[in-house]
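Novice: Chains as they are written, first to last, in the numbering used here: chain A, 155 to 336; chain B, 9 to 286.
I should point out that these hints are in silico values taken from the structure, not numbers from a laboratory. Zero decoy hints are in this set.
Where chain A lies over chain B, by a calculated footprint (3+ residues, C-beta under 8 Å):
#1 174 to 180
#2 198 to 211
To list a few chain B residues with every Cβ distance to chain A over 10 Å, as calculated:
#3 38
#4 55
#5 88
#6 120
#7 131
#8 140
#9 147
#10 148
#11 260
#12 264
Residues on chain B that point at chain A, a partial pick, calculated with CB under 10 Å:
#13 183
#14 184
#15 185
#16 186
#17 187
#18 188
#19 191
#20 195
Note that CB positions come from ideal geometry on N, CA and C, so glycine has one too.
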Amino acid sequence: MGRTGSGKTTLLEAICGLRAVAGGSIQLMGREVTRLKPAQRGIGYVPQDRALFPTLTVREHLAFALVIRRWNRAAIATRVNELAELLGILPLLARLPQRLSGGEAQRVALGRALAARPDILCLDEPLSALDEETRLEMYELLEKLQKQTGVTTLHVTHHPGEAERLADLIFLLKDGQLARVK
Amino acid sequence: MKADIPKFMTTKPASDAPFYLGLGLLSSVYVLLIVALLLANASYTSASHLWAALASKEIQYAIKLSLVSCSLTTLLSLWVAVPLGYLLARHRFPGQGLVDAIVDIPIVLPPLVVGLSLLILFQTGPGRLVEKYVPVTYAVPSVILAQFTVACAFAVRTMHVTFDQINPRGEQVALTLGCSRSQAFWLVVLPEAQRGVLTAATLAWARALGEFGPILVFSGATRMKTEVMSTTVFLELSIGNLEAAVAVSLLMIAAAVLVLLLVRWGGSKTTFRKAVDL
Chain A
155 MGRTGSGKTT
165 LLEAICGLRA
175 VAGGSIQLMG
185 REVTRLKPAQ
195 RGIGYVPQDR
205 ALFPTLTVRE
215 HLAFALVIRR
225 WNRAAIATRV
235 NELAELLGIL
245 PLLARLPQRL
255 SGGEAQRVAL
265 GRALAARPDI
275 LCLDEPLSAL
285 DEETRLEMYE
295 LLEKLQKQTG
305 VTTLHVTHHP
315 GEAERLADLI
325 FLLKDGQLAR
335 VK
Chain B
9 MKADIPKFMT
19 TKPASDAPFY
29 LGLGLLSSVY
39 VLLIVALLLA
49 NASYTSASHL
59 WAALASKEIQ
69 YAIKLSLVSC
79 SLTTLLSLWV
89 AVPLGYLLAR
99 HRFPGQGLVD
109 AIVDIPIVLP
119 PLVVGLSLLI
129 LFQTGPGRLV
139 EKYVPVTYAV
149 PSVILAQFTV
159 ACAFAVRTMH
169 VTFDQINPRG
179 EQVALTLGCS
189 RSQAFWLVVL
199 PEAQRGVLTA
209 ATLAWARALG
219 EFGPILVFSG
229 ATRMKTEVMS
239 TTVFLELSIG
249 NLEAAVAVSL
259 LMIAAAVLVL
269 LLVRWGGSKT
279 TFRKAVDL
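I would like the entire structure built from these sequences, with the hints used as guidance.
Specialist: Structure (structure tokens):
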């Protein structure tokens, strides 16, 4: 957690390998990853603006990480359907991102990040652009995902209620210092 | 004594009619000028003149050479502009400003200077070496080279603007999903840049078609050899054959209109405007 501009996004980007670090080290699941490329770190990333691929369908989004890893067609199809069911987006598979609502787009972004079973999920203010009702739905979805996949989630937010509801551990980033709050 | 502050009252501003009248008059003057130019061209010639011009072997050759050279120029320009535009838009490297400025040079140089410079280049040592194996100056390859030199600059600007407008987050997500930089480019960025690529191709094609100065100096205007549509207009004019000149001009106007339609419907209008805007 932290105020706008406190550096939460920068920290997240550094952990994902998208920003060079001047010093120090990053260790994930006991591995030293500071010098590794983003692809090698085993992280699923959902940026603040979701950054869905405008020319790909929802199905292609979910399959993206698997196609890169050269899974065979049958395995990809199984995994895509599995994910779509988990996220409640089965009817949307043929759609393009422009035709998705905020909540639907968020689910697709999550699915895209989780497809290749990463150890860690990095979410940058995933719920800030949603209305209250959708937000509550997403709380339940995130809790379900956590339980079913066992993924460790780093969830950036500036909403204290959200942190209270979803987090096992809460850290506060203030003036460049990280302090554990819960 | 307290000053008498008037209460807020609604006020009636002056009529808007003179304002819009003024705008309308000034705008219509320029629009009418362009329309008048087109109508004058169309009315000067007749269908029979057009057919006579098109029946001429020389002019048919010029049209064919124009089409072939413009298309080749467009392909070459895209080949260079897509990677260069991407590089300029995405990466900060030392000397970037310099490269950006250099790429703009063919656009601001007077066309005749471009032609002369090309001519001189092929008079130098390395130039002569190339000429020994592939005749360039005053031969067909020179037409393509002259067109490419200018058209590519426009294509690069268009692609630079295109890639600037694409959210870099998409590539970043692709990297976390397991892509190399190259895969992220081909699978995520390029599909998103489709309309920009079409715009760049159309712009390059149109520019190549209209290129005259460099071709005249570097390729000459030899009939049945290096004559293209733009030099045809010049040649026909210089022998006093106004009808043929106008006929070919109309063809080029038709091509220009086609280009504009393509950009408006298939390409990206904003990218087009930004790329052409100096």
